[in-house]
Amino acid sequence: MTSDTQPGRMWRKNRQPNPTSTGTDLNRNFAYKWGCCGGSSGNGSSETYRGTGPESAVETKVLADFVRSRVVGGKQQLGMFLDIHSDAELVLWPFGYTYNNTVPGSMSADEEAAHRTIGRELASTNGFAPEQSSDLYITDGTTDDYTWGQQRIFSFTFELAGGSFYPPPSAIAGEVQRSREALLRLADYADCPYRAIGKQSQYCAQ
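When the count follows full-length UniProt numbering, it moves up by one through the sequence shown with no breaks and lands on 206 for the last residue.
The set of hints was computed from the structure by calculation and includes no laboratory data. Possibly wrong hints are sitting among the right ones.
[Said to hold, decoys possible] Cβ-Cβ distance ranges computed for the label pairs, FRET-style:
(1) S201 to T22: 51 to 61 Å
(2) S46 to D191: 31 to 41 Å
(3) E47 to Y99: 15 to 25 Å
(4) I172 to W11: 12 to 22 Å
(5) A113 to P168: 16 to 26 Å
(6) V176 to A129: 13 to 23 Å
(7) N101 to T22: 32 to 42 Å
(8) D87 to G198: 33 to 43 Å
(9) G198 to V103: 17 to 27 Å
(10) S56 to V176: 24 to 34 Å
(11) E89 to D191: 23 to 33 Å
(12) N100 to G42: 19 to 29 Å
(13) Q202 to E47: 38 to 48 Å
(14) Y203 to A31: 24 to 34 Å
From a predicted model like this one, the values you see are computed outputs, not experimental measurements. Beta carbons are placed, not taken as given, at the ideal position from N, Cα and C, and that holds for glycine.
Using the sequences provided together with the hints, build the complete structure.
Rendered as structure tokens:
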């Protein structure tokens, strides 16, 4: 997002006023495990300020409403979700709020294995390091924790390169090309992520 008074300036937070400062970190504002685990801040001046409540930011609410709107006949129609960040050259998967690889009722052994296997395959094509989100650091109220934790959409985050937290426009073409194959493979798995662990007949049979 850019500022009218500082053309070209990029911001980590949105520009919505908060009770003590400006902006909410949209990747700490989702409803799943919002503010649960020390992975966000309640201080409005913090770069990881989580907002006044889950989905308090307009942008978060719009995205979450869209994801919820794709539930048809009780079944989520979206098969894969990707969030793109910078600047650490990583492929991440849920969860960010806990160091546990599996969580009863939220992440089974097969679900974790499918995420991990796909994540490692994607990283093998773009040279990024694959890891569970919490291996980087604990976060809560994040996009991909929400899309998996509440909606059971297989979810990943790419932390791109580019030389800084705010890479210049000149880095876009190179970053797109670097991850082109990973993006294509991710899309190919959308119909049945369990194919990555050889269990498509168990989970994806029509």
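Status of each hint after checking the structure:
{"no.": "1", "hint": "S201 to T22: 51 to 61 Å", "verdict": "holds, 52 Å"}
{"no.": "2", "hint": "S46 to D191: 31 to 41 Å", "verdict": "holds, 40 Å"}
{"no.": "3", "hint": "E47 to Y99: 15 to 25 Å", "verdict": "holds, 23 Å"}
{"no.": "4", "hint": "I172 to W11: 12 to 22 Å", "verdict": "holds, 18 Å"}
{"no.": "5", "hint": "A113 to P168: 16 to 26 Å", "verdict": "violated, 38 Å"}
{"no.": "6", "hint": "V176 to A129: 13 to 23 Å", "verdict": "holds, 19 Å"}
{"no.": "7", "hint": "N101 to T22: 32 to 42 Å", "verdict": "holds, 37 Å"}
{"no.": "8", "hint": "D87 to G198: 33 to 43 Å", "verdict": "holds, 35 Å"}
{"no.": "9", "hint": "G198 to V103: 17 to 27 Å", "verdict": "holds, 23 Å"}
{"no.": "10", "hint": "S56 to V176: 24 to 34 Å", "verdict": "holds, 32 Å"}
{"no.": "11", "hint": "E89 to D191: 23 to 33 Å", "verdict": "holds, 28 Å"}
{"no.": "12", "hint": "N100 to G42: 19 to 29 Å", "verdict": "holds, 24 Å"}
{"no.": "13", "hint": "Q202 to E47: 38 to 48 Å", "verdict": "holds, 43 Å"}
{"no.": "14", "hint": "Y203 to A31: 24 to 34 Å", "verdict": "holds, 26 Å"}
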